[in-house]
Amino acid sequence: MNVLAWYVLPKLLMSEWVQKDMEAVSALDLDAQLMLRVREGDDDSFRVLLEKHRNPLVHFLQRMVQDAGASEELAQEVFLRIYRSRSSYEPSAKFTTWMFRIASHLALNWLRDERHERAAQRLDGPRLDGARPGEERSDLPAREIRDHNPSVEQRLVYETRLQEIRDSIASLPAKQRAAVLMHKYEEMEYSQIAQALECSESAVKSLLFRAYETLRARLAHLVTGA
Amino acid sequence: MNATNCPTEDVLLDYTAGCLDPAQAVLFERHADKCARCAELRAAQAAVWRSLDEWKPAPVGGGFNRELWRKIDADAEQAYSWRRSLAAATQFGFWKRAAPLAVAVALVVTGFMLDHSAGRRGTPQTNTPGTVVLTASEADQLERALDDIQLLGDVDAASAPAKPDSNLM
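Chains E and S are the protein sequences, given in the same order.
My numbering puts the first sequence at residues 1 to 226.
My numbering puts the second sequence at residues 1 to 169.
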């Protein structure tokens with residue numbers, strides 16, 4: 001009965017061409033299999049994909065655009081585009097590569113369009129963490145320090161370090177920034193980053209070398225001061 | 001990492017990211033232990049890596065999914081209404097009302113094109129250097145002028161006094 005429930009019945013219910021596609025990607029990507037089910041009208045599979053990739057995607061966009069509200073809106077736009085194009089989905093690349101390709105595209109456009117506005121907002125607007133200038137937000141990493149009862153001075157040092165790290169990432173050209181964030185935080189391979197940024201693998205390596213070179217120079221004083 | 005025998009920079013990045021093949025990692029460590037430049041780069045890259053680890057992102061807002069599904073529903077609704085209006089537009093009733101208008105527009109366009117092409121025929125063509133293009137009336141006028149010149153020439157020749165015979169002189 002178990003075999004019937006878990007193996008035979010789903011196979012019978014699925015159309016033959018979906019089975020073919022799924023067999024092709026079965027070894028490759030579980031997400032692609034879920035996406036093929038979404039293509040068949042299974043919204044629950046989309047919910048699974050959403051739960052699995054929501055946080056990494058929002059966090060990537062937070063670090064990319066450094067605006068908490070905008071990053072959530074952009075992430076919603078990414079998922080909306082994925083859902084909208086479900087009927088034409090073909091598992092030609094890894095799902096996450098496809099997702100980050102859409103995300104990078106939207107983020108790069110956002111950075112291009114909002115460059116001037118953002119520069120003005122950073123001077124007196126809300127911070128990345130959603131708090132107003134001079135205000136604390138309790139659910140942030142700062143809590144980790146508070147748990148260990150840090151002094152005001154320690155907290156100030158931590159905030160300053162964090163701001164310098166953010167600034168050093170923000171100072172990178174947009175494409176270098178995207179490459180570093182995908183490499184560092186998403187642990188993507190060069191080939192995946194290349195697909196996401198629509199460039200060659202050697203171009204990605206070049207972007208990363210230059211970006212890390214800049215970061216080594218900019219963050220050197222943090223290391224020596226640590 | 002361009003010095004001779006130094007590994008390429010992607011080896012350094014992979015080593016720091018912890019995704020370098022263990023055998024290659026050992027080779028790199030042995031090299032960096034002897035090469036001051038690579039040792040310095042290894043330390044600096046590791047420091048960058050640790051610094052970036054400190055940057056923890058803010059948690060995702062609680063209403064993220066709800067807002068996303070609202071957008072998905074709105075998008076589906078918009079697509080549905082667009083399809084519905086397209087379907088309504090392609091019904092026979094619409095074409096029955098629009099047909100006279102379409103015919104009128106077609107007639108106006110045809111008339112304009114005919115008139116435009118007739119006007120084009122009346123205008124002189126662009127000519128190549130050394131050639132002269134004339135209209136029919138201009139050609140008649142030119143022919144008449146040439147005839148007049150020839151007639152005048154004949155009259156002059158007839159009225160001119162006869163030349164004295166040189167043999168008689």
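Since the hints were derived computationally from the structure, they do not count as laboratory data.
Hints should not be assumed to be uniformly reliable.
What the simulated footprint calls covered on chain E by chain S, stretch by stretch (three residues with Cβ under 8 Å from a Cβ of chain S suffice, anywhere in the stretch; the number is not a length) [unchecked claim]:
hint: 1; region: 100 to 113
hint: 2; region: 159 to 172
hint: 3; region: 182 to 190
hint: 4; region: 194 to 205
hint: 5; region: 212 to 221
Since the structure is predicted, the reported quantities are computational estimates derived from the model, not experimental observations.
Backbone N, C-alpha and C fix where the C-beta goes; we use that ideal spot for every residue, glycine too.
For each hint, the structure was consulted:
no.	hint	verdict
1	100 to 113	violated (count 0)
2	159 to 172	holds (count 5)
3	182 to 190	holds (count 5)
4	194 to 205	violated (count 1)
5	212 to 221	holds (count 5)
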